[in-house]
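J.: Got chain A; can you put chain B on it based on the hints?
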Amino acid sequence: MSLLKTERLEAYYGDFQALFGVDFEVGEGETVALIGANGAGKSTLLRTVCGLLGSMRGSVSFMGETVAGLRPEAIARRGIAMVPEGRRLFPSLSVEENLRMGAHSRRAGPWTLDKVYALFPMLAERRAAPATSLSGGQQQIVAIGRALLANPRLLLCDEMSLGLAPIVVKSIYDALPAITAGGLALVLVEQDVSLARSVSSRLYCLREGKVTLSGTSASFPREEISKAYFG
Amino acid sequence: MIDTVVQGVLLGALYALFAMGQALVFGVMRLTNVAHGDFIVLAGFGAVALAAAFGFGPGAALACLVPLALAAGYGLQRALLNRTLGRDPLPSLVVTFGLSIVIQNALQEVFSADPRSLASGALATESVQILEGVSAGVLPLVILAAALAAAGSLQWLFGRTALGRAFRAASDDVETAALMGLDPRAVYAAATALAFALIALAGVFQAMRTTIAPADGPGLLLYSFEAVVIGGLGSFWGSFAGGLVLGVTQAIGFRLDPGWGLWLGHVVFLAVLVVRPQGFFPRTR
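Protein chains in written order, with my numbering: chain A, 922 to 1152; chain B, 7 to 291.
In isolation and in its complexed conformation, chain A is listed as follows:
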């Protein structure tokens, strides 16, 4: 059974329709990449799954139960966490307070503050610093740690590498195996297609709010992805 499944999902910003009948599926423990150009609807899809977009049609089910129409906090408590685009750390909270916010819903699971500090020792050193005083890469790691502390079943990561140096991006992606080791399913929205392919088992390509390609990441020739991406 799939962990997350959307069927014929449509999403709207006012009169503007951003998603057109998207069927999207993530299995237990699976890492799925979501690629596509700017404005293709990748972030909209994640936001709709999280309940942040009130205006939607179609179905979203998580662990076999429908979650469409639930409030974001209710969906979060069921075990979907998000690393939002642009990190969205709480500026008036310290690094550690940001992490503790992640644990707000007190879901049981493997991740504790100490485990996150063990995975990212840099966070422990800067725990008392205001979150926004950190570098972009460090802030991204805080956002990941914060999402992990929710002990989710499904983690949605929106453009983690945006605006970061390649070496920083690599260090973040190097941590992914440790993150998914406990059976956590992952959706990665990523601009870097080759990076997205290398870390995922399946991928979806979105263009203008529609799925233009989906299947096993390794199976597609470059031209086919390029065609799905740009049309």
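Don't read these hints as lab results, they were simulated from the structure.
From a predicted model like this one, the values you see are computed outputs, not experimental measurements.
Any given hint could turn out to be false.
According to the in silico footprint, chain B covers these stretches of chain A (three or more CB under 8 Å from chain B) [to be verified]:
no.	segment
1	947–954
2	1013–1025
3	1036–1044
To spell it out: a stretch of chain B is covered by chain A in this simulated footprint if at least three of its residues, at any positions, have a beta carbon under 8 Å from a beta carbon of chain A; those stretches are [stated by the list, open to error]:
no.	segment
4	172–182
5	235–247
From the derived model, a few chain B residues whose C-beta atoms are all more than 10 Å from chain A [stated by the list, open to error]:
no.	residue
6	A142
7	A168
8	R289
Just so you know, even glycine gets a beta-carbon here, dropped at the ideal spot from N, CA and C.
T.: What follows is chain B alone, placed relative to chain A:
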């Protein structure tokens, strides 16, 4: 001169109490409660009514009113004010403005337009000499102590507790806070409950210190606004300081000319708004 400043500080402590409730609600949910002053007056009349009906003193009245205010604040936020929040500030302004009118007229209906006061026995008349030639009333000193305690506890609550962390997170970015499983409606209701506890305290003190009349609310709202703006939204000590600045300015004005007190307070408020619109303790990011 020293006497004037001391009396101003003691007056300002009451304004600080008004301001902290306002700053708490505005800081957490960007809601401007236009009925803030009217709720203070309502609490004062609540104490007057308890005194008349059961002979309750101010202490007993507070023991009744504070839990009631906590529940009323929570309920009001859940049932009404949460529905007015959003990007547009207008609905919450209109709704609280409406509440203000309802409270004023209901109080006038029940208590008539006459000013009332809450008898507080010896507390109201006793005073202590704090300096050569300067004495302070016991009641104003109690109010100052309460304002200090309120500012200190709120600062501690916001800085050191999980609830305070949730308040700050919701204030920073309520959408992301919801993604962490935080229910904004419940967090806002908790903030308003606390603000109403402060309102109950302020209302009883106001009724003890001077008189209250059903139409006093907007005036008290103005003082609390001015104190919040002068202090800035960075901390509750800012609201406290803002209240003191306003109180001292008014006291100096009254000393110069009995007609100048409130006027000089407004002038200083406007001057701060022009010179330092973020207040003396601005929010730090």
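J.: Decide, hint by hint, whether the structure agrees.
T.: Structure-based check of each hint:
{"no.": "1", "hint": "947–954", "result": "violated (count 0)"}
{"no.": "2", "hint": "1013–1025", "result": "holds (count 7)"}
{"no.": "3", "hint": "1036–1044", "result": "violated (count 0)"}
{"no.": "4", "hint": "172–182", "result": "holds (count 8)"}
{"no.": "5", "hint": "235–247", "result": "violated (count 0)"}
{"no.": "6", "hint": "A142", "result": "holds (37 Å)"}
{"no.": "7", "hint": "A168", "result": "violated (8 Å)"}
{"no.": "8", "hint": "R289", "result": "violated (8 Å)"}
Comparing the model with each earlier hint shows violations of hints 1, 3, 5, 7 and 8; every other hint is respected.
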